[in-house]
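Colleague: This is what each chain is made of:
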Amino acid sequence: MKEGYFGKTFSQFFQLLWNHFIKACQGEYGFLDLAVDEVQLITLTLLSVTAAIVGSLLVVRKMTMVANAISHTVLLGVVGSFLVLHYFLKRPFSELLEVDMKLLILASLLASFLTMICIDFFHHTLKLGKDASIGLVFTSLFSLGILLVTIFTKNMHIGAEIIMGNVDMIHRDDIWIALSLVIGNLFIFLLLYKEYVTTSFDPGFAKLIKVSPLLFNYIVIFQTSVTLVASFRAVGVVLILAFLIVPPVIARIFVNKLNAMIYLSIVIAMTASILSVALSRHILTVYQIPLSTSGLVVTILLAFWLLSIFITKRRKTSKLGSGLTLAD
Amino acid sequence: MIPLLHFFQDPILTASTLGTMLMGLASSLVGVLVYVRKRALIGETLSHATYPGIVLGIGVFSIFFDHSPLIFPIVVLLGAFVSGFLGIYVIYYLESKLSLNSDTALCFVLSTFLGVGVLLASKLQFSEPVWFQRVQALLYGQTATMLTVHVYIYAVLAFVISVYILLLYSPLKIIHFDYDFAKVLRIFIKPIEFFTLILLVFAIVIGIRSVGVVLMAGMLIAPAAAARQFVRKFWQMFVLSSFFGVGIGFLGLVFSVNGSIWFQEKYGQKISLPAGPIILIIATLIVLFALIFERKRGLISRIIRRNQFKMNCVEENILKFLSKSLNKVHFSDLREVVHLSIPVLWGVLTMMKLKKLVAESDGFYLTKDGNIKAMQIIRLHRLWEVYLFKCLDVQRENVHKSAEEMEHIITPELEEELTELLGDPKKDPHDQIIPRKEGLS
Numbered sequence: 591m592k593e594g595y596f597g598k599t600f601s602q603f604f605q606l607l608w609n610h611f612i613k614a615c616q617g618e619y620g621f622l623d624l625a626v627d628e629v630q631l632i633t634l635t636l637l638s639v640t641a642a643i644v645g646s647l648l649v650v651r652k653m654t655m656v657a658n659a660i661s662h663t664v665l666l667g668v669v670g671s672f673l674v675l676h677y678f679l680k681r682p683f684s685e686l687l688e689v690d691m692k693l694l695i696l697a698s699l700l701a702s703f704l705t706m707i708c709i710d711f712f713h714h715t716l717k718l719g720k721d722a723s724i725g726l727v728f729t730s731l732f733s734l735g736i737l738l739v740t741i742f743t744k745n746m747h748i749g750a751e752i753i754m755g756n757v758d759m760i761h762r763d764d765i766w767i768a769l770s771l772v773i774g775n776l777f778i779f780l781l782l783y784k785e786y787v788t789t790s791f792d793p794g795f796a797k798l799i800k801v802s803p804l805l806f807n808y809i810v811i812f813q814t815s816v817t818l819v820a821s822f823r824a825v826g827v828v829l830i831l832a833f834l835i836v837p838p839v840i841a842r843i844f845v846n847k848l849n850a851m852i853y854l855s856i857v858i859a860m861t862a863s864i865l866s867v868a869l870s871r872h873i874l875t876v877y878q879i880p881l882s883t884s885g886l887v888v889t890i891l892l893a894f895w896l897l898s899i900f901i902t903k904r905r906k907t908s909k910l911g912s913g914l915t916l917a918d
Numbered sequence: 403m404i405p406l407l408h409f410f411q412d413p414i415l416t417a418s419t420l421g422t423m424l425m426g427l428a429s430s431l432v433g434v435l436v437y438v439r440k441r442a443l444i445g446e447t448l449s450h451a452t453y454p455g456i457v458l459g460i461g462v463f464s465i466f467f468d469h470s471p472l473i474f475p476i477v478v479l480l481g482a483f484v485s486g487f488l489g490i491y492v493i494y495y496l497e498s499k500l501s502l503n504s505d506t507a508l509c510f511v512l513s514t515f516l517g518v519g520v521l522l523a524s525k526l527q528f529s530e531p532v533w534f535q536r537v538q539a540l541l542y543g544q545t546a547t548m549l550t551v552h553v554y555i556y557a558v559l560a561f562v563i564s565v566y567i568l569l570l571y572s573p574l575k576i577i578h579f580d581y582d583f584a585k586v587l588r589i590f591i592k593p594i595e596f597f598t599l600i601l602l603v604f605a606i607v608i609g610i611r612s613v614g615v616v617l618m619a620g621m622l623i624a625p626a627a628a629a630r631q632f633v634r635k636f637w638q639m640f641v642l643s644s645f646f647g648v649g650i651g652f653l654g655l656v657f658s659v660n661g662s663i664w665f666q667e668k669y670g671q672k673i674s675l676p677a678g679p680i681i682l683i684i685a686t687l688i689v690l691f692a693l694i695f696e697r698k699r700g701l702i703s704r705i706i707r708r709n710q711f712k713m714n715c716v717e718e719n720i721l722k723f724l725s726k727s728l729n730k731v732h733f734s735d736l737r738e739v740v741h742l743s744i745p746v747l748w749g750v751l752t753m754m755k756l757k758k759l760v761a762e763s764d765g766f767y768l769t770k771d772g773n774i775k776a777m778q779i780i781r782l783h784r785l786w787e788v789y790l791f792k793c794l795d796v797q798r799e800n801v802h803k804s805a806e807e808m809e810h811i812i813t814p815e816l817e818e819e820l821t822e823l824l825g826d827p828k829k830d831p832h833d834q835i836i837p838r839k840e841g842l843s
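Protein sequence lines, in the order shown, are assigned to chains A and B. 591 is the number of the first residue of the first sequence in our numbering; add one for each residue after it. 403 is the number of the first residue of the second sequence in our numbering; add one for each residue after it.
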């Protein structure tokens, strides 16, 4: 019988993880033998990788607040698509968060598209400032989402759950979702690397060589929204937003090339997610406090950031302010 | 349905009514300050940044005190204030010391602070479930449980904000509209900007009770954005914005209370519609209305103006073409000149007939008025060509294209000035006669 993670401290956690890893390599453990903590660990790590790729693109394109906006409006997409299901297939509302992934992804694409269109409408057609357009659009669309949830499910807790995430709801199948996200995003990134670089750093030149910066804005936003929706059920919007922003910001302190930034942020994000699962288990074992793993990841990321600032200050060899340059 | 007056008389409703209206007042006043600096999203970040402080404050508070409705709002306020302050500092540090762009800095603070808040909340959920429920209510706002003590606190905060803006009106105005001039005047820019951000935290603290952490950003943007459409002066913007803010707050509460009652009567279901989202939706509708229907800057009037100008150009081009052609011109020939669809061109020609500029009998030709107007346009065209050729040293071959556009734009005053400047020329660079002004009136 496989040994569980219950009652393990920090170091014991890694020992056991290593044992299981060895056994898995020898073929003694299959996919179905994965313990809850391992599922969490693998899912978080995979999500952190995909978020680091997309997040770096968002950071260099200065589109992180748009990502934040979409992290809110995804709710409207989910609720809206569920309303359709409810009326045509008579699905009860208690299953709101158990809709299948394909529908969720479709809903998120629609929601992000709607958000972008609305922001563009406010900004370009109605001549409202860019920041004001973003703020107004996502708060009102999110309000609409909350109202619909309240009216049709008669409670507001689903809204809270989407924000906080519920790690208990992580399921083995989430691994496949996260894995396909990683493969998909990595593939798109490697395929379109040059286009990403040109449209991010020199939109004028990109236009000249017939690569539309607008199209790539939409591609990045779609990648973001798929990443968001695939992960919010498991880890919550807050965590995935932090995964998108914080590792690239840390990486930017040390490197100044886009690809290096992405690789470094992948490493940072993976480390943080592995540490957090172990640490939350440790805290549960030693202090009997069940902490939110998502909250813990963000806090660890924040600690990483503080640490890296401290290091660069000590070394006095700051590359800060040099800004990102074009990758070679 | 509860009649409007009851919102001010009913002992339970009065507190939430006044509280929501004060929220509208505070956020709309501060909203103007952040809106004109184009930093509207800082409200979104700071409202999220208050969350860990609130949770931590309540966590500490729950260790020492029992459930007391009097101290709770003060603890929330203090916690929100401390972590909001920290949030301001981190944004400042990221932007100025690490030269991160403001978009990333805002989102960084937002996500990390909220994440720490989630971590602390999960601790609270475990140790103090009752308090946890009350903290969660602040995420989306809860108007129903507002007490008189809240109203007092909010009134004081809103008063501080109003007095600050009244006292520092002119320095604020200079900083917001001419930053460099403010530097020259040695106005205390840094302290004033810092205090403005603190007031922003005040407004957010008031707001999280009624619209919640998540939706606060919209409430800071909407009244200011709507007010901006209608005013020309800074102080008018404050007045109108606060009017919108208070109105939106009140209407939102009315709709949420009456909407809940309506649902209960109609479907027999007990739903309490949250006030925050309704306030936000009303606010957005008002902004939309202002942006679309405002008399001068609104979308509709801009479209109308643009089309009028286009039609005017078409009309003048037709006049020019008719005056140059010796015979009567057929509809199909005109279409080839102006490239318009049949109904549009037909409309334009009908309008011109009504204005008695052209007449039609077996083809179109100019009336006397039409001829005068056509000559006027040709005069402007050629005057502009002379100006380009003489004063701006443009090649003779290149002056025509610019004049094609300018002939529709030059005003009578400009024409007079050109005539004077060029010494009332008789001929244009292509040696064509410029129609005399005297014959055209």
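To be clear, the hints were calculated from the coordinates, so they are not data collected in a lab. The structure displayed is predicted, hence computed values, not measured ones. Among the hints, erroneous ones may be present.
[As the list claims (entries may be wrong)] Here are some, though not all, of the chain A residues that point toward chain B, as calculated from beta-carbon distances under 8 Å:
no.	residue
1	Gly617
2	His714
3	Gly719
4	Asp721
5	Gly725
6	Ile799
7	Lys800
8	Leu831
9	Ser884
Yeah, the Cβ is synthetic: ideal placement off N, Cα and C, and Gly gets one too.
Colleague: Look at each hint and say if it fits the structure.
Modeller: How the hints compare with the structure:
A distance limit of 8 Å between C-beta atoms decides the matter here; for glycine 617 of chain A the minimum to chain B is near 38 Å, and the interface restraint is violated. The interface hint given for histidine 714 of chain A is broken, as the beta carbon of that residue sits about 11 Å from the closest beta carbon of chain B, more than 8 Å. Because the smallest distance between the Cβ of glycine 719 of chain A and any Cβ of chain B comes to about 5 Å, under 8 Å, the interface hint for this residue holds. A least Cβ separation of about 4 Å between aspartate 721 of chain A and chain B falls short of the 8 Å threshold, and the interface hint therefore holds.
Because the smallest distance between the Cβ of glycine 725 of chain A and any Cβ of chain B comes to about 5 Å, under 8 Å, the interface hint for this residue holds. The beta carbon of isoleucine 799 of chain A is not positioned within 8 Å of any beta carbon in chain B (closest approach about 25 Å), and the interface hint is therefore violated. Checking lysine 800 of chain A against chain B: minimum C-beta separation of about 27 Å lies over 8 Å; hint violated. A hinted interface residue such as leucine 831 of chain A counts as satisfied when its beta carbon comes closer than 8 Å to some beta carbon of chain B; here the least separation is about 4 Å, so the hint holds.
Because the closest C-beta pair between serine 884 of chain A and chain B is about 6 Å apart, less than 8 Å, the hint holds.
Hint check: violations occur at hints 1, 2, 6 and 7; the rest are consistent with the structure.
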